[in-house]
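Trainee: Going by my numbering, the letters in the sequence shown line up with residues 866 to 940, in that order.
If you are wondering where the hints come from, they were derived from the structure by calculation, not from laboratory data. Be a bit skeptical, because a hint or two may be false.
What the hints assert, rightly or not - 20 Å max Cα-Cα, derived SDA-like pairs, lysine to any residue:
| no. | residue 1 | residue 2 |
| --- | --- | --- |
| 1 | K896 | A919 |
| 2 | K913 | Y924 |
| 3 | K910 | A920 |
| 4 | K910 | F922 |
| 5 | K934 | F922 |
| 6 | K910 | I899 |
| 7 | K896 | N932 |
| 8 | K913 | I899 |
| 9 | K913 | D900 |
| 10 | K935 | N923 |
| 11 | K896 | T927 |
| 12 | K910 | V921 |
| 13 | K910 | D900 |
| 14 | K896 | K935 |
| 15 | K935 | A919 |
| 16 | K896 | K934 |
| 17 | K896 | L929 |
| 18 | K913 | F903 |
| 19 | K913 | L929 |
| 20 | K934 | N923 |
| 21 | K896 | E907 |
| 22 | K896 | V921 |
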Amino acid sequence: MFIGDVEQDRRSFSGDGTDRLPVKPKAILSKALIDNLFRFLEFRKLEKAAETAAAVFNYFETALFFNFKKHHGKI
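Please model the complete structure; the sequences and the hints are all you need to start from.
Mentor: What follows is the structure, encoded as structure tokens:
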């Protein structure tokens, strides 16, 4: 994951360069991961695309696990 890209996305959402977020940070993180994936695929940087795809998968897998655990208790 590229933190600089996430920070840039955070600033672009507010429109004035501040860190105020009209959307949840998790949504911005997932958007940045997916944007990076498509950017790497577009420029045929397949190794970076594979790393980013793994990060996207891990992010959503973890989010689903904790969401399930939060709503259903122990697993």
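Trainee: Which earlier hints can't be squared with this structure?
Mentor: 14, 15, 16 and 19
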